[in-house]
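**Student:** Generate coordinates for the entire structure from the input sequences, incorporating the hints supplied.
For the sequence shown, the positions run 30 to 459 when my numbering is used.
These are calculated hints, taken from the structure and not from any lab test.
Ideal Cβ placement from N, Cα and C applies to all residues, glycine included.
Take these hints with a grain of salt, some might be off.
What the hints assert, rightly or not - Pair ranges (Cβ atoms, derived):
#, residue 1, residue 2, range
1, Asp419, Gly455, 42 to 48 Å
2, Glu188, Arg96, 32 to 38 Å
3, Arg96, Pro275, 50 to 56 Å
4, Asn157, Ala322, 25 to 31 Å
Stated by the list, open to error - Calculated lysine to any residue pairs in the SDA-like style (CA-CA distance at most 25 Å, straight line):
#, residue 1, residue 2
5, Lys393, Thr273
6, Lys435, Ile424
7, Lys428, Lys274
8, Lys435, Pro457
9, Lys244, Glu216
10, Lys244, Ile293
11, Lys244, Ile285
12, Lys220, Asp241
13, Lys435, Arg329
14, Lys244, Pro275
15, Lys254, Arg329
16, Lys63, Lys74
17, Lys416, Ala360
18, Lys254, Thr192
19, Lys413, Leu454
20, Lys274, Glu398
21, Lys393, Ala338
22, Lys145, Ile159
23, Lys395, Arg337
24, Lys416, Glu382
25, Lys74, Tyr37
26, Lys244, Arg231
27, Lys254, Thr148
28, Lys254, Glu188
29, Lys254, Asp197
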Amino acid sequence: MTRLPELYHAYLQCSDVSIDSRKLSGNSLFIALKGSQRDGNQYVKQALQDGARYALADDPALSDCDRVFVVPDSLAALQELARYHRRQLKLPVIGLTGSNGKTTSKELFRSVLATKYNTFATPGNYNNHIGVPLSILSIHPEHEMAVIEMGANHQREIEFLCTISMPDYVYITNYGLAHLEGFGGVEGIVKGKSEMYEYARRYDKTALVNADDPKQVENSAGIGKIITFGTSDHVDFNIRLFLTKPYVAIAFSNQIIHSRLTGIYNFSNIAAAVAIGAHFGIDTEMIKQGIQAYTPENNRSQLVETERARFICDAYNANPSSMEGAVYNLADFDGIRVAILGDMHELGDYTDEAHQYIADLCEKVKIDEVYLIGEFFSRVKTKKCVKLKDISTAIEFFKTYDTRNKNILIKASRSMALERLYPLLGIPSA
Numbered sequence: 030m031t032r033l034p035e036l037y038h039a040y041l042q043c044s045d046v047s048i049d050s051r052k053l054s055g056n057s058l059f060i061a062l063k064g065s066q067r068d069g070n071q072y073v074k075q076a077l078q079d080g081a082r083y084a085l086a087d088d089p090a091l092s093d094c095d096r097v098f099v100v101p102d103s104l105a106a107l108q109e110l111a112r113y114h115r116r117q118l119k120l121p122v123i124g125l126t127g128s129n130g131k132t133t134s135k136e137l138f139r140s141v142l143a144t145k146y147n148t149f150a151t152p153g154n155y156n157n158h159i160g161v162p163l164s165i166l167s168i169h170p171e172h173e174m175a176v177i178e179m180g181a182n183h184q185r186e187i188e189f190l191c192t193i194s195m196p197d198y199v200y201i202t203n204y205g206l207a208h209l210e211g212f213g214g215v216e217g218i219v220k221g222k223s224e225m226y227e228y229a230r231r232y233d234k235t236a237l238v239n240a241d242d243p244k245q246v247e248n249s250a251g252i253g254k255i256i257t258f259g260t261s262d263h264v265d266f267n268i269r270l271f272l273t274k275p276y277v278a279i280a281f282s283n284q285i286i287h288s289r290l291t292g293i294y295n296f297s298n299i300a301a302a303v304a305i306g307a308h309f310g311i312d313t314e315m316i317k318q319g320i321q322a323y324t325p326e327n328n329r330s331q332l333v334e335t336e337r338a339r340f341i342c343d344a345y346n347a348n349p350s351s352m353e354g355a356v357y358n359l360a361d362f363d364g365i366r367v368a369i370l371g372d373m374h375e376l377g378d379y380t381d382e383a384h385q386y387i388a389d390l391c392e393k394v395k396i397d398e399v400y401l402i403g404e405f406f407s408r409v410k411t412k413k414c415v416k417l418k419d420i421s422t423a424i425e426f427f428k429t430y431d432t433r434n435k436n437i438l439i440k441a442s443r444s445m446a447l448e449r450l451y452p453l454l455g456i457p458s459a
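**Tutor:** Below, the structure written as structure tokens:
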């Protein structure tokens, strides 16, 4: 890109970068991207009037506009600008990916590291080919540490995102059954996520590895610098599970650290955050404060207690691995246990098998009531579970549902939008 130094100079004069012309500060760099519904080029002139200092566009018709950098491809230019900025940064960058727990781990890392360092972390779920470069461009000189989340639904995506974020430390939460369709099966998932390990291996970076996970140990082999954590005595940071109900607590360095996270599946997320904090010289008391300060939101393993019932609000996303963990966690609760589960998407040829597995699991474990919502769950064979063909049917059903004295799990893929049931169940809005 021949104008990259000039574009970077313009970027440095701006306070932020935005791809949404409705969310401009008085000093923004507006990036005009083409989407499936809208073409950002159509909003460039208005963006400049509304406060953008400069704009990046790929419509030649805008070449005569002041303060507009016209390039062949705005998205490619955004990514190249982020790479250029990343090369100027001197702070440690931690990159993480995985099938489950990415955002929770990222937020825990942020909460722990922020007790000592000015820490930037990926906002929301900005973890794709657009979100990662925007995240990198949001790192400013005052930051001392950065945590970048990277997501993928096909192979070579993590490899590409690593060329933008250039992480100094890498962490893979786990290999679960997410995006099976895009990855082409379980082996494809392992290969795709392990591209982060390959980056560390190739460029002599450091990997944070859960030594309790044999797949992580196997796939990180050959990386020159590895930080290990786990429950054995032969790791860099020994961290043990202390409690699981109602929230997970861990034992580390002769202290008990309580979290606001439910589910044993969150143990490794907490342990990883403890390990990264300890590695960067944060004392145990401050690590403890960081873990305890994080409260999950946005329907990610939120434990909500009302006068009538206890709810596990986990409707942000779902795949067979995370659904299985959530069901086992519910079965561990005392009292009446209710599972309200919606379809899991992006499973391709594994769709029917995965939904049948979850239905069978719900019949085997200690769950008193099971409600399965959606087209895919409507195809399962079950004696115990109640099937509701779609969200509209579910809404009608739960209008008169009695939640008293029950533990209720709500989980599904994001597109199912099961949070529409919350008002009917008496779950307070955020």
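**Student:** Honestly, which of those hints from before does the structure not fit?
**Tutor:** Going through the list in order, the structure violates hints 1, 7, 11, 14, 15 and 22 and respects the others.
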